[in-house]
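Engineer: Input sequences plus hints: build the corresponding full structure.
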Amino acid sequence: MRTPASEIAVTARRISKNYGAVEALRNLSLDFPRGQLTSLLGPSGCGKTTLLKIIAGLLEPTSGEVEVNGKAVTGPGPDRAFVFQDFALLPWANVLRNVAFGLELRGIARSEREAIAEGYIRNVGLAGFEASYPHELSGGMRQRVGLARALSVDAQVLLMDEPFSAVDEQTRRKFQEDLLSLVQREAKTFIFVTHSIEEAVYVSDQIAILLPRPSRVSEIIRPGGFRNKGADQIRRDPEYLDIVDEIWASLRRYVE
Amino acid sequence: MTIHGYRLPAMSSLVLWAVLWEIVGRSGLTFFIPPLSEVLQTLFQIIGTPAFQNALQETVVAFLAGILAAVAIGIPVGILMGKSRLVDEMLLPWVNMFLSAPLTALVPVLMVLFGFGMKSIVITTTLFAIWIIILNSRAGVKQIDRSLVEMARSFGASPLDAFYKVYFWAALPEILGGVRIGVIRGVKGVIIGQLLISVVGFGALFELYSSNFLMSHFWAVLLVLFAMAFALSELLAHLERRVSYYAAKR
Amino acid sequence: MMPQRSLMLTLLSAGLVFGAWQIAGMIPVSYAFPTFLETMSALLRMVLDGTLFVAFGETLKPLLVGIAISAALGIGLGLWIGLSSWFDWLFSPIFIVMQAAPLAALIPLLVMVYGIGLTSKVFVVCIMAMPVIVLNTSGAVRNTPTPLKEMGRSFLGSERDIVLKIILPAASPIIFSGLRLGVSAGFIGAVLAELKITPTGVGDIISYSRSIADYPSMYAAIFSIIVLAVLFLNLLERLEDFLFEGNNRGYASDT
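Residue numbers (our numbering), protein chains in the order written: chain A, 10 to 265; chain B, 3 to 252; chain C, -6 to 248.
Don't read these hints as lab results, they were simulated from the structure.
Predicted model, so just to flag it, every value in this text is computed and none were measured.
Note that beta-carbon positions come from the ideal geometry of N, C-alpha and C, so glycine has one too.
Keep in mind that a hint or two might mislead.
Partial selection, computed: residues in chain A whose CB lies under 10 angstroms from chain C [said to hold, decoys possible]:
no.	residue
1	Lys62
2	Ala65
3	Pro85
4	Phe96
5	Leu98
6	Leu99
7	Glu113
8	Leu114
9	Leu168
Mimicking DSS-like on lysine-lysine, the simulated pairs with C-alpha atoms at most 25 angstroms apart in a straight line are [to be verified]:
no.	chain 1	residue 1	chain 2	residue 2
10	C	Lys158	A	Lys62
11	B	Lys144	B	Lys167
12	B	Lys144	B	Lys85
13	C	Lys142	A	Lys62
14	A	Lys62	A	Lys80
15	A	Lys183	A	Lys197
Structural biologist: Put into structure tokens, the structure is as follows:
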């Protein structure tokens, strides 16, 4: 079942990336369907963050190319926004300025960008914290700031680098539920890096399993049936459990 | 820094600066900067002379004595401060004060109390070096992981064993860092002491050369001093890295 | 309760030290060792007749000029070194050597070149204060957290924006503490210059009272300049804590 070309938002074509003699990625190709969430899942060292940063334009591939909406990526662009693993918030700026920072860098006037930012601060559930500083917030709240910042530049593609790995388990579950409704609500393409099998199966429309040495896509899984069953039903769905087991079976021999 | 994919070694730009020095010196731009080649020639002439050997020996002896005292007093005091809250609270304000105080102002006191000689210079060196050694030893002991302490206790280590087998090693990276900075400060202290007391060591030599406008002699001594100070600090940094390989992994 | 205990102990410890000073002066351990009270009364006299403040003014002049020059030049150069690998290669070794070397040895040379006036003294302050300011600035700029820089790039910040809005603010706590260390080294230099080059300000009181064996005044002058330096540096440290509170926090690692 091939997806029509216009339905592909991002394409990675024969990407290789070497750091000196070390091969991080070799000849990797992958399509990311529009409006869906694709997870890059794999053991550490499989190059999933490297691939995400290449898509973001933060790293240059040694060979191969990335296309976003048919245009080749040469660097960071307004069509993509990044959510960082360690949040990358400005510690000297309050929540409002942090959320508006992406717009500030694009030269949007202050009143306008703050109005936009306030809307997204409310959306991610941080209303009332506009004047707080990052060190006054919990890890989960900090990542909501990072998410609001990425949403407020209104890019079509959202790149998320293990966004929930630095928050505690309960917060992480809440985030995963919120992410599901975000994917439904916003007509955006999500590319999501994670090392958690459960998380990937829970949130993804498509899971690309990356294996290391040399890094490659070993398998693409598209969970189907349980996607529309409601957030609280997914984890007890037999298909969900089967897929989790299946992925673990194929990954376990790569874990030291 | 890479040029055409070839990595230039660190510090290699000093060669460029040396060439620049030579050019400025040759150009006769200023009387005060003779060409590097001339300075080096002078260096080889004076390095064997009794005056230079004497100054070097006096400086090294004063420096070593001062550092030895700073280490021998500083490390135990620091460890004691790290372990005893009372001692810590009594001493910490003083240590912090002397760490940032303009210690040069104390040299005249040392001169009237201990005379215009070696003794004053040794004490100056100790005064410059000791405070950071105390402070780092204290920090080293304070940062020891609680679980490491509990591990030693749970396996029934005697207090003495716990000290020599756990605490000392756990604090060693910080202690060595303190000694390294203390030594660098001590080098400055010994020279400042000699400049102010100026009848011994390089202080006397500087006085002699500058009053006779022997520029290349002056630069030659500076070059030796700076090179030795830099080599010493690099050597200690190297030793610290070798011993402290586990510091980052705690 | 706790701050009181700490304050009590500090006072107790000060009492012990000054008491020991008093007793040592009364024995006396040396003809040149006045008691604490003699020293304090000399200090009081100099405060009351204003000589101390005139002397401070003299001493602080080269210090402030030197620090201003070192700060402007040092931060500028440090920023450049931190941003460009070429400048790093070219200039870093100079300052690394300067940091390790006993630069005070340059004083006789400075006196030959610039005479015994203010210029030489300013230079002494500069050579003492500059290396740490440059090295702190360049190190802080070089070590700006990579995620912050990547964030700036991925949200399409220009080079200028990234330097002004991300790198400089992120580096400013370390730049500021470099300045504080520079001031501390500058104090050493300023006093050294007054003792070595020409006696002015506090250095003049020290040298003059030593020559007429007025040891209480000599000790009082030394005591006062140390207190002045320590208070000033303490103030800078407080300012630093106030300005950059929370600036080093806020990353994922300290949740």
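Engineer: Are the hints correct? Go through all of them and say.
Structural biologist: Against the structure, the hints come out as follows:
Given hint, Lys62 of chain A at the interface with chain C, holds; its Cβ is 8 angstroms from that chain's nearest Cβ, closer than 10 angstroms. With 10 angstroms as the threshold, the beta carbon of Ala65 of chain A comes within range of chain C, its nearest partner Cβ sitting at about 5 angstroms, so the hint holds. The restraint placing Pro85 of chain A at the interface with chain C holds, with a minimum CB-CB distance near 5 angstroms, inside the 10 angstroms limit. A hinted interface residue such as Phe96 of chain A counts as satisfied when its beta carbon comes closer than 10 angstroms to some beta carbon of chain C; here the least separation is about 6 angstroms, so the hint holds.
At about 6 angstroms, the closest approach between the beta carbon of Leu98 of chain A and any beta carbon in chain C falls short of 10 angstroms, and the interface hint on this residue holds. Contact between Leu99 of chain A and chain C, as hinted, is supported at the beta carbon level, the nearest pair being about 7 angstroms apart and thus within 10 angstroms. A distance limit of 10 angstroms between C-beta atoms decides the matter here; for Glu113 of chain A the minimum to chain C is near 8 angstroms, and the interface restraint holds. Given the 10 angstroms rule on beta carbons, the hint for Leu114 of chain A holds: about 4 angstroms separates it from the nearest Cβ of chain C.
Residue-level restraint check for Leu168 of chain A holds (minimum Cβ-Cβ distance to chain C is 8 angstroms; threshold 10 angstroms). For the suggested pair Lys158 of chain C and Lys62 of chain A, the alpha carbons sit about 22 angstroms apart, so the restraint of at most 25 angstroms is met. Under the criterion of a C-alpha separation no larger than 25 angstroms, the hint pairing Lys144 of chain B with Lys167 of chain B is consistent with the structure, at around 16 angstroms. Pair hint Lys144 of chain B plus Lys85 of chain B holds up; C-alpha atoms about 7 angstroms apart against a cutoff of 25 angstroms.
About 13 angstroms separates the Cα atoms of Lys142 of chain C and Lys62 of chain A, which keeps this hinted pair within 25 angstroms; it holds. Restraint check for Lys62 of chain A and Lys80 of chain A: the C-alpha separation of about 17 angstroms stays at or below 25 angstroms, so the hint holds. Restraint check: the Cα-Cα separation between Lys183 of chain A and Lys197 of chain A comes to about 20 angstroms, which is no more than 25 angstroms; the hinted pair holds.
Every hint from the earlier list agrees with this structure, and none is contradicted.
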